[in-house]
Amino acid sequence: MSSLLSVQQIETYIGQYHILHGVSFEAKKGEITVLLGRNGAGKTTTLRSVMGLNPASSGSIMFHNQDIAALPTHKISGLGIGYVPEDQGIFGDLTVEENMKVAMKNNDHETLERMEWILNLFPDLKKFWKKAGGYLSGGQKQMLSIARAYINQNDLLLIDEPSKGLAPVIVEKVMESLLEMKEKTTIVLVEQNFLMASRIGDCFFIIDDGKTVHSGDMKALKEDEQLKRKYLGIA
Amino acid sequence: MRRYFQVSTMAMALVGFMLVVLPSIYDSRSFLILMTQIFIFAIFAMSYDILLGFTGIVSFGHAMFFGIGAYSTGVILDRFDHTLPYFFLAILVGSLISTFISFIVGLLTLRLKSHYYAMLTLAFSGLFLVAAEKWRTLTKGNDGFTFRVPDVMIDRTTFYFICLALMLFVYFFLKRITQSPFGKVMLAIRENEQRTESLGFTILHYKVLASILAGVTASLAGSFYVMSLRFVNTSVFSIDTTLDALLMTIIGGVGTLAGPILGAGLIEFAHHWLTELAKEHPIFERWLIFFGILYIVAVMFFPAGIVGTIQKWGRKKQTPSKKQSIEKHKAAG
Amino acid sequence: SDSASGDGEKKGDGSKAPIKIGVLASLSGALESYGKQTKQGFELGLDYATDGKMEVDGRKIKVVYEDTETKPEVAVQKATKLLEEDKVDFLVGSSSSGDTLAVLPLAEEYQKVMVVEPAVADSITGSEFNKYIFRTARNSSQDAVAGAAAIAKKGVKIATLAPDYSFGRDGVAAFKKAAEKLGADVVLEEYADPAATDFTSNLQKIIDKKPDYLFVIWAGANSPWNQIADMKLQEKGIKISTGAPDIAALSTMEPLVGMEGFTVYYHDLPNNKVNDWLVAEHKKRFNGQVPDLFTPGGMSAAISIVEALKKTKGDTDSDKLIKTMEGMSFETPKGKMTFRKEDHQALQSMYAIKLEKKEGVPYPVPVLERELTPEETAPPIQN
Amino acid sequence: METILETNGLTIQFGGHKAVDDISFSLPEKHFKSVIGPNGAGKTTFFNLISGQLSPSKGKIFLKGEDVTKMSPTLRTRKGIGRSFQITNVFPNLTVLENVRLAVQSQMGIRYQMFRHFHSYKKVTEEAQEKLMLVLLEDKAYALAGNLAHGEKRKLEIAMLLALHTEILLLDEPTAGMSVEEVPAILEVIKNIKAQGDRTIMLIEHKMDMIMELSDSIMVLFNGQLLADGAPKEIVKNETVQSAYLGGLYDEFTA
Amino acid sequence: MDLFINLTINGLATGMLVFLLAAGLTLIFGLMDVLNFAHGGLFAWGAYSGVWVYTMTNSFLIAIAGAIGTGLVLGFITEKIIIQPVYGNHVQQILITLGFMLVLSELLKVVWGPNQISAKTPDYLAGSWEIGNVILIKYRLFIIIVGIIMFLCIQFILKRTKVGLIVRAGVMNKDMVQALGINIKRVFMLVFMVGSAMAALGGVLLAPYSGVIHAEMGMEFAILAFVVVVIGGMGSFPGSLFASVLVGLSGSFMAYYLPDLSLAVNMLLMAVVLIFKPSGLFVVKG
Ligand SMILES: Nc1ncnc2c1ncn2[C@@H]1O[C@H](COP(=O)(O)OP(=O)(O)OP(=O)(O)O)[C@@H](O)[C@H]1O
Ligand SMILES: Nc1ncnc2c1ncn2[C@@H]1O[C@H](COP(=O)(O)OP(=O)(O)OP(=O)(O)O)[C@@H](O)[C@H]1O
Ligand SMILES: [Mg+2]
Ligand SMILES: [Mg+2]
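Protein chains in written order, with the working numbering: chain A, 210 to 444; chain B, 37 to 369; chain C, 829 to 1211; chain D, 6 to 260; chain E, 14 to 299.
Just so you know, not all the hints are guaranteed correct.
Partial list, derived from the structure: chain D residues whose beta carbon lies under 7 angstroms from chain A [stated by the list, open to error]:
hint	residue
1	Pro43
2	Ala154
3	His170
4	Ala181
5	Gly182
6	Ser184
7	Glu186
8	Glu187
In silico lysine-lysine, DSS-like type, Cα no more than 27 angstroms apart, as pairs [what the hints assert, rightly or not]:
hint	chain 1	residue 1	chain 2	residue 2
9	C	Lys1060	E	Lys151
10	C	Lys1111	C	Lys1182
11	B	Lys170	C	Lys1004
12	E	Lys198	A	Lys310
13	A	Lys437	A	Lys420
14	E	Lys175	A	Lys335
Note that these hints are calculated values from the structure, not bench results. For glycine and all other residues, C-beta sits at the position ideal for the given N, C-alpha and C.
The shape of chain A in the complex, shown without the other chains (with noise of 0.2 angstroms):
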């Protein structure tokens, strides 16, 4: 298989913090790819960076066979990119069917079918549809903010934390619509939930300290624990 994603040796700097030095990823199509590390590793700096939010300063990131590296983020957007981001980025003053509204790059059959689609995996969606966002639970901005990213057809979705505060039933809910979704649509994931990540993941890379210090086969880490007690401190 190819890779549909393929960040080389990126650098990333926020103001004057020297964040991110050498992180390296494949993303392969019809694959989930899950990125791990401790807390302030970088890994949200690294999805940052390819949707272009802070930009990486050197390195090679490729969509498509094409360096996206230099693009600005709604371009990088337009190609087919879908994002969470970690801090769910709801707009607190629009309504949830607004925010959907914001979001929808198209308005035809399939994204309607699409929309039907996600509001049975979040009912919660429907019954608060009028309601602003700001409004919402933390666990209901979490799934409008996944369900922004599910309501286009995107080639790649890149996704920070997502079962960060939700319920367990919901959860398991996205695993399984992510599993769903993976023949159509890459997804790199970010997700402290270990055992969310071994459960659906592909295939794994650690980043610590701005670099990439491991990565492999998701099956491979979930049983190796010596690789697990040192890069997650988990056994």
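For chain A, the structure is supplied; the task is to place chains B, C, D and E with the ligands on it using the hints.
Just chains B, C, D and E with the ligands now, with coordinates in the frame of chain A:
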């Protein structure tokens, strides 16, 4: 951090000293008047900064307090006698009225987002302007009136020293307040009101206190302003007066006390210099254009104001770089 | 040789020290055009009075112009600079009453004669007066008296409309007094927000009162003329009267063609040599433009100073100057002016006019009805 | 044991929607109670009512027998109810240390002191540093709080809460987004506090392993209503809880 | 009764004029949250360029088009140079836009001189009809109609497109909007230009209304526009319209019945509204 504050205190003491010896070196009285006006506007701008920079409250009607001080002084010195005791009485009256008004306005609006405070103060200062216009028996309308000042204040050099002393006093006084625990809570309110509240601080008290502090200081500035002119008219209540304070504060650096002083100096000097140029070079006839460009350039090169931006450079040097801190982390872990 | 009283004007080498005059005017901001008129007038006046030599009794005249920006604090700063650094012997100015009032105490403090031009507030030669103040400009009361003289007669009913601030209120009070003295009846006083865009309420009340005249005192750009025309006051038999302003503002008075009023100055109204010289010289220097409302004022201020100096033989001692100037008459583009002894206000001619459309002139032109003599327009003494 | 906190028919309505619906419960002193329930069940809202961020449409709240329903959040904090926030809520442009110092300052009752320099309050700074150490954030003390990574902000939240030294701690998903590696450390902190035995703690979490390990009892909210309140073992056996909340992910607990 | 109609119609016309001036600010300040103190400069430029075009071409329609063009161009320049670096920062916005305001109004004097300039009303809009004692001033009726048309157009655009939503979303979280594939820079630019064009249009329509324009006209009306935007409710067009009409009518009636208070009427109105309904009369729902 600690070192920085000491540096700034020393710097201010040095500047103070230089300003004290200045008149004996260069005794042009019109220059002294310019400096005196800078001191007074610096006080006014610092008072504004207590609101804007330290508590995060935007006001579009700060001229209200300036005007209250101005008219209290003008009216009392004109109606009664131009002696020192009456001047002190005038300052007291100005402060009391300002306290009262800022208390009321504060209670009415500080519950709300600062945005509405801004517009409501604009409304109130507008009403004061109309009142000053309409209460003609007291104020002689918008033409205003001249009055005499206490004998000790007639001499411009003496007045220069009085204003300088006052400015330094206000600076150190406000600085102490902003670095007190009280001041830290003001900063916290600026950053995140709701969180401050849940830490156990009654934010309304702090905001009202800040608003009173700012109001009284502004009123003081207003008193000395009309003392320097020996004349008062309704322009002290105008939106331009508020905007002057706002510009000086922002250009110098919001949230620093040296900023407003520097801002006042910068704007007054730039003004002086540009109008002088206007007399010699015809291209500067429209000197206001260059004045406007000055503001624009200031924002572009000193986004946090002059003092604020310099402070940021200083901080950059002081904080350990990210790499160092990570290494430390590793060594510890 | 040397006739000055010699209080230090001579330089050591015997050549005479120049006489210095500081002129304060709004050279930028909203009143810029007034300030520039004063400045041009003043320059012309000095030339005229000294025959282009720019000296009196062997002493050169030097002028320093300063911009007050129509801000009292700037005016004070600049006036102090003039007095302290330039060591001027006279102050002249300024374009706004506020600035001028703020500077009055300085004239007193430094004991220098100040010639006020063109600020109008009555209080300058009234409640805020000090003996160093002389005024070549007319004051609000003179305007009002002239306005009254132009229209007030026995039995005439007059309504007034003025902006709601000192200028308007003082003006109407003075007008009322003058008009009633002439036997007219002021039946209604309306005041509008100086920044108003809508005058319906005021005009409606005026229409309801059915006066013979509506006397308008207005300054500022948002004028009521359009709406007066739109609400057809003239068709309803209410004649409009007001002071004709400077040329730029005259062009906004198209709807008022036919109105009877007064003016301080319009270049072809006065008939005297000084004015002829002014108009000709002004055209020559400023590519064909005619002098405007406040140009002759600036010129008069200059003439008054030079005339006084001629009388003192170049002596700039203030007490001597004051004594000389009190009651002094001098020829100006507006004819003879006299500084009244009591309040140092220059009594001067004003002009009753009618606005008419003239071929080739893009604005309505004030046409002389009658020259109002200085005695006729003398305002009450208020200091 | 004595009851420290009690609610009586607590209800809040937003428009037509009852987010918290008639909840009566009581919390014994020095107890550790967890609150679980699906997203939007009203857990955070329940905390907001107790801490005073929201005021109820109906019902009463008693703290140590005193009716605090009408009190401001400020007063309640001073009376001993401290909380952390689900959505990270810090002072972004102040340093991490300053953030905690403000909490310590409040706890020590230094509020309106205007004329002494804050440096003369050494104890405050020391105490703040100590709290930062506790949550493994000491080397970020001089970073601006707004520049922290998400997990670090969560830790700062906890440090600020601890600094308040309140008798009651309301923890709203303290470890959400915290890395697998650090959760145990924070868990340790919470355990220590519990072990000291002088605090009453309420915890909202979705991490069942953590809840099972810490809780003396669990209450379950559903659609704003109190569905169950009891010992952890019993709660996880509840069928509604299993089907509508846990799903299959945590089979291990129910087995 | 006639009096009542006269006061109402003229109050309404003033209100509509205020609305035309405030509409652009409703976009720029209300929706985009930019404290643009240079907005008044755009009125003045609209008025001056419009009046100039009118004297050159003698066609009021071309004058209006000219003013709108000026507004668009100035809006482009302003957004690009002045506003872009300071989005989201009110403090910087105040300083930089006040600076730009000085530049704009002084440049007016450079181009057209410091004197006030008279503005003529086109013949077909000049004069008035008199029906009984009711006086209908043609130009004022025209203003009322233009105001209504403008309001309907804006409402239509905002309701039918996502622009309004995108702008509000962009103000809250610019990064996120971009991550959703929207070129927020371009959207802000366009909206700012439209807002500026509306300001310029307000300016050129104001000119014949008062008959004269001058370089300082901007600031005066800008403050009134800010007041209207705030009491109407930030970013709400129905709110701005309502507030404008309220300002117009209360000005007109107060001046008749309580002339002593008429100077204070706008400020009183704002104070009362803010004390009793701090979020403004209309809240943009969401
Ligand atoms: N705006 C910023 N300015 C300065 N430093 C920053 C900024 N944003 C992030 N950092 C720093 O960069 C590092 C990496 O942050 P990042 O958010 O990418 O971490 P993360 O791996 O996503 O962590 P978490 O699991 O806690 O979300 C952290 O040390 C953080 O403090
Ligand atoms: N201020 C508010 N206005 C309107 N509705 C609100 C408000 N606050 C909360 N709600 C609604 O109340 C319900 C309960 O929200 P709450 O935040 O308490 O849920 P929660 O149990 O904490 O959920 P989560 O686990 O997702 O954090 C939600 O449907 C939410 O939309
Ligand atoms: Mg992260
Ligand atoms: Mg919650």
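Against the structure, the hints come out as follows:
1. Pro43: Since the shortest Cβ distance to chain A is 5 angstroms, the answer is holds.
2. Ala154: At about 4 angstroms, which falls below the 7 angstroms cut-off, the nearest Cβ of chain A leaves the hint on D:Ala154 intact, so it holds.
3. His170: Violated, because the Cβ-Cβ distance from D:His170 to chain A comes to roughly 26 angstroms (cut-off 7 angstroms).
4. Ala181: holds (5 angstroms)
5. Gly182: Interface hint status for D:Gly182: holds (5 angstroms vs cutoff 7 angstroms).
6. Ser184: holds (4 angstroms)
7. Glu186: holds (3 angstroms)
8. Glu187: Holds - the Cβ of D:Glu187 comes within 7 angstroms of chain A, reaching about 6 angstroms at its closest.
9. C:Lys1060 <-> E:Lys151: holds (13 angstroms)
10. C:Lys1111 <-> C:Lys1182: holds (25 angstroms)
11. B:Lys170 <-> C:Lys1004: Holds, at about 20 angstroms.
12. E:Lys198 <-> A:Lys310: The hint holds at about 19 angstroms.
13. A:Lys437 <-> A:Lys420: Holds: A:Lys437 and A:Lys420 sit about 17 angstroms apart, inside 27 angstroms.
14. E:Lys175 <-> A:Lys335: holds (21 angstroms)
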